[in-house]
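Dock chain B against chain L, hints included.
Protein chains in written order, with my numbering: chain L, 1 to 254; chain B, 1 to 254.
Derived from the structure by calculation, the hints contain no laboratory data. Don't take every hint at face value.
[Said to hold, decoys possible] List of simulated lysine-lysine pairs, DSSO-like, C-alpha gap at most 30 Å:
no.	chain 1	residue 1	chain 2	residue 2
1	L	LYS77	L	LYS223
2	L	LYS190	B	LYS5
3	B	LYS179	L	LYS110
4	B	LYS190	B	LYS179
5	B	LYS188	L	LYS188
6	B	LYS223	L	LYS179
7	L	LYS77	L	LYS5
Protein chains: 2
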Amino acid sequence: MENYKQFVVALSAAAAAGLVTIVFVLRWVLYYREGLAWDGGLAEFNWHPVLHLAGFIFLNGAAIIVFRLPWTWQCSKVTMKFIHAGLNLAAFICAIISSVAVFDFHNAAKIPNMYSLHSWVGLVAISLFCLQIVLSIGIFLVPFTPVSWRAALMPLHVFVGHSLFGSTIAVALMGITEKLIFGLSDPKYKDSPPEAVFVNAMGVLVVAYGVAILWISTRPSWKRPNDQVLHVLNSSAGAEVKTKMGPSLSRLSD
Amino acid sequence: MENYKQFVVALSAAAAAGLVTIVFVLRWVLYYREGLAWDGGLAEFNWHPVLHLAGFIFLNGAAIIVFRLPWTWQCSKVTMKFIHAGLNLAAFICAIISSVAVFDFHNAAKIPNMYSLHSWVGLVAISLFCLQIVLSIGIFLVPFTPVSWRAALMPLHVFVGHSLFGSTIAVALMGITEKLIFGLSDPKYKDSPPEAVFVNAMGVLVVAYGVAILWISTRPSWKRPNDQVLHVLNSSAGAEVKTKMGPSLSRLSD
Numbered sequence: 001m002e003n004y005k006q007f008v009v010a011l012s013a014a015a016a017a018g019l020v021t022i023v024f025v026l027r028w029v030l031y032y033r034e035g036l037a038w039d040g041g042l043a044e045f046n047w048h049p050v051l052h053l054a055g056f057i058f059l060n061g062a063a064i065i066v067f068r069l070p071w072t073w074q075c076s077k078v079t080m081k082f083i084h085a086g087l088n089l090a091a092f093i094c095a096i097i098s099s100v101a102v103f104d105f106h107n108a109a110k111i112p113n114m115y116s117l118h119s120w121v122g123l124v125a126i127s128l129f130c131l132q133i134v135l136s137i138g139i140f141l142v143p144f145t146p147v148s149w150r151a152a153l154m155p156l157h158v159f160v161g162h163s164l165f166g167s168t169i170a171v172a173l174m175g176i177t178e179k180l181i182f183g184l185s186d187p188k189y190k191d192s193p194p195e196a197v198f199v200n201a202m203g204v205l206v207v208a209y210g211v212a213i214l215w216i217s218t219r220p221s222w223k224r225p226n227d228q229v230l231h232v233l234n235s236s237a238g239a240e241v242k243t244k245m246g247p248s249l250s251r252l253s254d
Numbered sequence: 001m002e003n004y005k006q007f008v009v010a011l012s013a014a015a016a017a018g019l020v021t022i023v024f025v026l027r028w029v030l031y032y033r034e035g036l037a038w039d040g041g042l043a044e045f046n047w048h049p050v051l052h053l054a055g056f057i058f059l060n061g062a063a064i065i066v067f068r069l070p071w072t073w074q075c076s077k078v079t080m081k082f083i084h085a086g087l088n089l090a091a092f093i094c095a096i097i098s099s100v101a102v103f104d105f106h107n108a109a110k111i112p113n114m115y116s117l118h119s120w121v122g123l124v125a126i127s128l129f130c131l132q133i134v135l136s137i138g139i140f141l142v143p144f145t146p147v148s149w150r151a152a153l154m155p156l157h158v159f160v161g162h163s164l165f166g167s168t169i170a171v172a173l174m175g176i177t178e179k180l181i182f183g184l185s186d187p188k189y190k191d192s193p194p195e196a197v198f199v200n201a202m203g204v205l206v207v208a209y210g211v212a213i214l215w216i217s218t219r220p221s222w223k224r225p226n227d228q229v230l231h232v233l234n235s236s237a238g239a240e241v242k243t244k245m246g247p248s249l250s251r252l253s254d
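The following block holds chain L by itself, in its conformation from the complex (with noise of 0.2 Å):
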């Protein structure tokens, strides 16, 4: 792998960044808040910062990088898609059950559901995150697609993969500032108490986490091998070379 060095800072930043959020949404909501319950109250709401950070974002972020550890390229292709579709699914199944929580709380409590941006914008990411599966499944896993349909494919599957990522992390900015301003009365979010400075912190983690998935994602030289040979020939000044050496090549990436 080039630049290995620089490989293994990112994932470990990415790791770091990660797993010290899970710590974080764990003691806010175990040491701040009402801890963890299922109980239509405010620790049934708790499970949706817990599932959306530690499950759905974390997850989502560790199956964008996963075909890119060198230690995982003497794996088969469809083993690690396999992978690649089970964290997905994992983090989906984290979304849904995250989504519930806060139903059943709002319900509970009479408060209105789907009224704020948070709510808007997390519903279209987490239905077309659904799709995303469902259709990703049906072209990239199952043996019945042709090649060529999946090499036209792939670049709209990482890019809707990547806009994903990037849109729940949003969401999740958006549904701390709401807890936040909701749930601190006195003192106020305004006046800075200790569980405010704790949670914003958070969320700028959150931020450096998906930052660091989605450098190591991005650098075209940290691909599993046979996928830069796709990536140089997929962009146009390769089309010739790709037309010279045939359809054959698309095998590569099966």
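Same frame as chain L, now just chain B:
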């Protein structure tokens, strides 16, 4: 240009989302809110969303894709660099005036500054945006930096630019959330008055603008023709060709 029709569709979507966002934010402050003034009151605060959305984000997005407009490919690269830098500088000036407006308003109303996650991420983003402008002028615009340095630093420049663009959109979404919670009292945000629905829709439009800009700016086949060649040669699989052709290739990006 490859896939010219798709490019025009993506560009039209970005332009439509961006321009409708500008109309929306002006209608928000002029119709639903207190209008625009520079008096330390709410009308001065309103410059904050107007300049952040219609100035900072819109101009930054335009700067990001300006190299990709095929109608500019007859202009010299250095002319386009000045336009790119000029748009980003204008965006930065909007961000600064936007920040001054909110500090003025907070100070007059005795509201603390810099307590929210919105302000934390916003300050980091604006500071890094300033650093990016200063360093980029030194590295890419003035003719003293070695061409090899420019080539090596360009991927970082692009990644930081994209990350800051995404971050400022996330900052805007947090700001919208704050303003709708604090600004709507009877009816409240949770009661979904027309203003809340209108501004939520504006938030979705900002996300759509961001996604369209990032789609345009990450398609390798829509780069300026010379940059496409460099893109292939900078990737690992092209390293051998690059070595054979020597450092003179780097001059293509100049």
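Comparing the hints with the structure gives:
no., hint, verdict
1, L:LYS77 with L:LYS223, "12 Å, holds"
2, L:LYS190 with B:LYS5, "49 Å, violated"
3, B:LYS179 with L:LYS110, "23 Å, holds"
4, B:LYS190 with B:LYS179, "13 Å, holds"
5, B:LYS188 with L:LYS188, "19 Å, holds"
6, B:LYS223 with L:LYS179, "42 Å, violated"
7, L:LYS77 with L:LYS5, "24 Å, holds"
Of the numbered hints given earlier, the model fails hints 2, 6; all others are met.
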